[in-house]
Amino acid sequence: MAELTSRQGGRVAVRKPQVYAWVQDYGVYAAVLALLLFNVLFTPHFLDASNFRTQLVQVTPIVIVSLGMALVIGTQGIDLSVGSVMALAAALTVLYLGYGWLPALIVAVIGGAVVGAAGGALVAYVGVQPIVATLALLVGVRGLANVLVPQLVEFRNPGLIALGSSSVAGIPVIVLIAAALTVIVLFVVRRTTFGRQVVAIGGNRSASELSGLPVKRVLLTVYVISGLLAALAGVLATARLQASDPTSLGLFIELSAITAVVVGGTPLTGGRIRVLSTVMGALLMQLLAATLIKHNLPQSWTQMVQAVIILAAVYATRKRGTR
Amino acid sequence: EEPQAAPAATGTAGQQVVQSPSGSAGPTCTLQQFGGTKFDLKTAVVGFSQSEKEANPFRIAETKSIKDEAAKLGITNLKVTNAQSQFSKQITDVQQLIAQGVQLLVIAPLNSDGWEPVLQQAAAKKIPIITVDRKINAKACSDYLTFIGSDFYEQGKRAADRMIEALGGKGKVAILLGAPGNNVTTERTNGFKDRVKEKAPGITISFEQTGEFAREKGQQVTEQLIQSNPDINGIYAENDEMALGAVTALKGAGKEPGTIKIVSVDGTRSAVQGIADGWLYAVIESNPRFGPLAFETAQKFLDGAAIPDKVIISDRDYTGENAKDSLGEAY
Amino acid sequence: MNREQTSRLLQQHGAVMVLGLLVIVGSLAFDSFATPANAASVVVSSSFLAIIAIGMTFVIISGGIDLSVGSLFVLGGVLAAYGSRHGLLAALLLPLAVCGIVGLLQGLVIARTGMAPFIVTLAGLLGVRGLMLAISDEGATTYLVEDRTFAALGQNELLGLSYPVYVTIALALAAMVLLQRTGFGQNVYAIGGNEQAAALMGVPVARTKVYVYVMSGLLAGLAGALNAARLSSGVTILGIGLELDAIAAVVIGGTLLTGGAGGISGSVAGVLLLGVIQSIINQVGSLTSAFQQVVSGAFLALVVVAQRLLSKAQRLT
Amino acid sequence: MEAVLEAKGISKRFPGVLALDDVSLALRPGEVHALVGENGAGKSTLIKVFTGVYRPDGGELRYQGGPAAFATPMEAQRAGIQTIYQEVNLVPMMSVARNLLLGREPRGRFGVIDAAAMYGEAERVLAGYGVETDVRRPLRTLGVGAQQMVALARAVSVDARVVIMDEPTSSLEPREVETLFGVIRKLRERGIAVMYVSHRLDELYQVCDRVTVLRDGRLAHTGPLAELDRLKLISLMLGRDLNEVRSDGLTSFSRDHAGEPHGNGQAPVVEARGLTRRHVLDGVDVSVRPGEVVGLGGLLGAGRTETAKAIVGALPLDGGQVLVAGAPLRAGSTAAAIRAGVSLLPEDRKAEGIIPTLSVRENIALAALPALGRAGVVSEAKIDRVVEIFMRRLRIKAASPHQLVSELSGGNQQKVLLARWLAVRPKVLLLDEPTRGIDVGAKAEVQALIDELAEEGLGVLLISSDLEELVEGADRILVLREGAVVGELSGDEVTEERIMATIAEQADG
Ligand SMILES: Nc1ncnc2c1ncn2[C@@H]1O[C@H](COP(=O)(O)OP(=O)(O)OP(=O)(O)O)[C@@H](O)[C@H]1O
Ligand SMILES: Nc1ncnc2c1ncn2[C@@H]1O[C@H](COP(=O)(O)OP(=O)(O)OP(=O)(O)O)[C@@H](O)[C@H]1O
Ligand SMILES: [Mg+2]
Ligand SMILES: [Mg+2]
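Residue numbers (the working numbering), protein chains in the order written: chain A, 1 to 323; chain B, 1 to 331; chain C, 1 to 317; chain D, 1 to 509.
Bound-form chain A, shown alone:
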């Protein structure tokens, strides 16, 4: 009998719902294409390779942060601390640059992981709600970063500068790094036990507990990963800026990241993670910002247009209720 329905289902399935589903899954891609088309038509010098390089380089930190954010959101959580973690990473990097850029990078990333662990512990073990737990960190960690490095510090470390500015085969190194990370996260989500457990916990925590999933450990890990990635993003941004600026680095990036994730079709209610679409979401917002700047729109317009686009994109990718 099961066979029967599934066959019948097969026949039925090839109808309107599929179209919806398609828009739902690939709306972001469509939006990005549309925006690209607009620019090709109306923006001077848009098709230059240099332009694409610029956009990719600028979006890199948001992409990397969004990857972690997507995982966190998948568990029905949220991580507001990412921006401050970037700042902390910037501070640590420049503090330990004396030992060479690689050790500095490692220290910074560890710092990020520690902050992530703090947030994760609050969420998983104390049971504090993610948004406040990470809000506390958002405030405190930014402060900490400023305590460590009170003001912007420039550096001349060739290694770090190279990390930020050199490219391989015309593609900037940091972009390659972001791409690699995307692939890794994609693999983790799609192919690993951990990935399955993350979405399961986001989908129904108590059921996951009764199914013997290491809920708390998974939660903790997810926040650690988020902190780790944010820190890495911070180091790369710093390398690119050729200066460590804990004051303003990563300000409000948490909102951009969350937007990217949600525009990508990952529900804030958890239980589902869409990695590639998240990257697309980030690209969409980046292209949008670029377009508005290139066309020299005043701040007021920029913000209003962004609002509209976000709504439109999310509307397209939203989940339709059966009715």
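Everything labelled a hint here was simulated from the structure, so no lab data went into it. Among the clues, some could well be false.
[Said to hold, decoys possible] Short derived list, chain B residues pointing at chain A, Cβ under 7 Å: (1) ALA55; (2) PRO180; (3) PHE207; (4) THR210; (5) SER228.
[To be verified] Covered by chain B, per the in silico footprint, the following chain C stretches (three or more residues, Cβ under 8 Å): (6) 30-40; (7) 137-150; (8) 222-231; (9) 235-248; (10) 289-300.
Even glycine gets a Cβ: it sits at the ideal position worked out from N, Cα and C.
Given the coordinates of chain A, assemble chains B, C and D with the ligands onto it according to the supplied hints.
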């Protein structure tokens, strides 16, 4: 060399100088006019309300010079608050300073309007208020004592002069605006635009986007700018941080120093260094070392002397000629 | 059973107790802390956030969130100052009308399309700030409050406390009744607790949601207007990150972000907590801005943990 | 007689399934109309179409002689159609009283809710349904059964023309079932039409006048119930012919209580000693031997679910310990219990069972994931194999393994959960209401499965409110009351009468 923060200038180097002819022109104010009572500065409780985090050279130097001067004068009871760039918080901060019984208030306002509740309380207690670096829109000598600082509109105009000089009166200029809604942004923009309009009709301002006074934003905006408007000749950055961001962007795009003329305002050490290296064309100084002048004014006032209603300090220009030698005085 | 009731009380009043604790500590540590003047400054400055937090409480209990309040707060102020040129009525109605409409739109979008409140109101946050910049030509012009009676609304005092404080108290009481003792309040809890079930139980889910966001918008606008009256000008650089303060206050107050549980009193306590923390930091009066942030971050973490542990008992049952 | 509520040629399509296909049904005033069918036949969907939860894709609804199209459940309720849905649909965090009276709270001065009056009324109403509890408590602190009674009370305490009940008895005790039937008969006398969905056939014969049978979303039969005997009814539901059904028999347990009890002599695989938790459990001892099926009997709230949860470490304990094959389990760790081979099929499918955002496939594989891969990387092939096997073996009815589990019918969701647990190959399975909301066919399959597993040496702890099932299925029965074991029955003592007696005598004594 390895990491090195620009050290805030030490000693009297880069001391603020009052513009001459000093305020003796406009109206003045004395203790009796103000209706206050004399007290000893040393033993008094003094409050300083800083507006933004001490996280950029300007604010660091500003707070530092106030604290140092206080220490120098043996003022033991100095209370410092920081509004973390939240205006509502600054209002509360000052009110709580008043609640803590301060006798003299030095305020670096985040915004020029919206001070009424504070001014009322202070006036009721006859607490003299000296505002530094930004004005408060109210009546000097009754709402507050006096204002010490630069004239941002003037800075904008002088920046324009430098830009005109750099471009020989014609070309395309882009503006990196400060944070939107900020008085400084507004005045530095207007000054620049008005001057360009009157002096150099040949210059068109083809692009203005906010860099929010931050280096990274300045870099990002510039990257977009030079990519889509390769024909730009000059960039006016409303503070040094954004200018330096622009420089990083130009370097990244493989541009040579000086191909695009950059003029900015503030006079931080890195910026002046930038001039020396040929990346920046000129920097209009905005001197943050208010400590000495502020307490000097306060002392004069308490001694019964007449205080001008605004003390405008004369800021210098850093250019190719003087950059190298004045590095030490930059903050 | 008994244990459970007490723990429920704790859940609701944990914030109040932490607040009490903090006040005691502050008073012992600094002699200029418990002074009437200082207390007044804390209460007065908290009142605006409190008004916003009241609206936010409704939103969060209904299972939503409203990130647009910070922008609505500043917009409300600018509009009030702008309107004050045409008298008291305009000064009050203009911001309320506009912010109410924004709330309505957000509510409709959320209720009808089922889009996540977080993202809808995030768009609201951006769009409204853009609107504010547009009407103040990129924030360059600050409208001053012309109408003195309106200014008086924000400045005049009664027993050493300015009017907004009393407005806040009145609103808080009204909100409590609305939440606990009316069908609307019940519906808010119901859709927050289990939207699907609420719908099946005949709760007008969509309408209730819309009301909630309209309320939040109106209150944010009102807070902005009162603040403008107090500052007697429509300052354009206000309200950045205010939404996070409001959310923090509400959650510290024991309201669950997942919706369905919580109350007004807690939120108000949460707001005061934030105010007291700042005040204590100011009392020290020598911390660098960076350290101030570290401290307030640590405080925040401490408070939520304390509040959480106090209410832990409840989770077990 | 003029029908009060009528469906004409209704169809409803979901992505991947045609849930209802041209279904017509007429509900007359004063009749109790049974709606039966296999899991996934479309019963709940039809009900949701009636009550405006779903909008039909085709066909017409008529109510009180006029055409009707309820946009929302609220409209349907306003019009006088009250419904008790299959999954308890109340607000867990709100108090019992507020749940019961939501939307019609007693008002005091200024039209403000009168709390005192509200609690008073709630207590009164619930007492009538045998639920004694502090109505100020959050609803979630009640057992599922109690919650079901609250939902029932809520539905019928307003004046309705039509009352629809979707498997109301699935979590009720015989005692409560009687209360329910009392209520239904009163409704009938008042000329109210009742639609009654249940998988418990004998109940149908007790209260229903007419019956409508759905199969695969299509109308299979409708007419007076008296005209159909059980077998005919079942053959209609299953779409198999009479003899086939007859040969299969009805209950599929084949355990002989006489003679050698199962697993006798062997050491217990799991042994719980003195499980204690304030207000809930006090000193419960349970042990299960390999191949033995131990039943837990008792009234609602007796703490059977708690016992089960305590054994797998899902319930913090004040005292007691659990031994698996002689070795003590780490307290409070479900993971440890599962690793040791002790698994629990939870009672509350919706809240503690399915992961709604995941597919059938992911849901089945969930608990077994560690085993279904290497070095933390899952093997899709292995998963596919396991899923395939169990979807077959349990006859799980889904459009495809990739369909969202939340889209399955109640019964099929239950099967998915069973599959999840069988996939981890446990030594002991704790089944809390395993056949709740499962149709006769599936129920038989599940029971057969339990037998089979026991034969293979699996130890089973069976919690069921269905005494027949308990008696047929268990070798040994522990009777709980108020969190304590008050009697043990084995061998020939295992009969419904003895169980009732044990509970009763304790209750009196
Ligand atoms: N929201 C939905 N989306 C997709 N398919 C659904 C949805 N709800 C139900 N279905 C499908 O419609 C069919 C009928 O489901 P329904 O719940 O009505 O069955 P049922 O008769 O109530 O079964 P049970 O006795 O197990 O409750 C099933 O195949 C189910 O998978
Ligand atoms: N009818 C009731 N009245 C009051 N409280 C109840 C009732 N039923 C259950 N409870 C509460 O729920 C708790 C456990 O209920 P639970 O459902 O787990 O017991 P159970 O024996 O598993 O019954 P069932 O599994 O049949 O629902 C009890 O401790 C009691 O507090
Ligand atoms: Mg059903
Ligand atoms: Mg139970």
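task = May I ask you to test the interface hint for SER228 (chain B) with respect to chain A, counting a Cβ-Cβ separation under 7 Å as satisfied?
result = Holds. Min distance 4 Å.
task = Using Cβ atoms only, decide whether ALA55 (chain B) comes closer than 7 Å to chain A, and label the hint accordingly.
result = Since chain A brings a Cβ to about 4 Å from ALA55 (chain B), closer than 7 Å, the hint holds.
message = Would the hint on PHE207 (chain B) be counted as holding, given a Cβ-Cβ threshold of 7 Å to chain A?
response = 5 Å, holds
message = Cut-off 8 Å, C-beta pairs, minimum 3 residues; does the coverage of the segment 235-248 of chain C by chain B stand?
response = Three-residue rule met by the segment 235-248 of chain C, so holds; n is 6.
request  = Verify the interface restraint on PRO180 (chain B): the C-beta must sit less than 7 Å from at least one C-beta of chain A.
outcome  = 5 Å, holds
message = Using a Cβ cutoff of 8 Å, are there at least 3 residues of the segment 222-231 of chain C near chain B, or does the coverage claim fail?
response = holds (count 3)
request  = Go through the hint on THR210 (chain B) and say holds or violated, using the shortest Cβ distance to chain A against 7 Å.
outcome  = 6 Å, holds
inquiry  = Under 8 Å between beta-carbons, do enough residues of the segment 137-150 of chain C, three at least, approach chain B for the coverage claim to hold?
reply    = holds (count 5)
query = Has the segment 30-40 of chain C got at least three residues whose CB is nearer than 8 Å to a CB belonging to chain B?
reply = Since 5 is at least three, the answer is holds.
request  = Examine the segment 289-300 of chain C for residues whose CB is less than 8 Å from any CB of chain B, and state whether their number is three or more.
outcome  = holds (count 4)
Violated hints for the displayed structure: none, as all numbered hints are satisfied.
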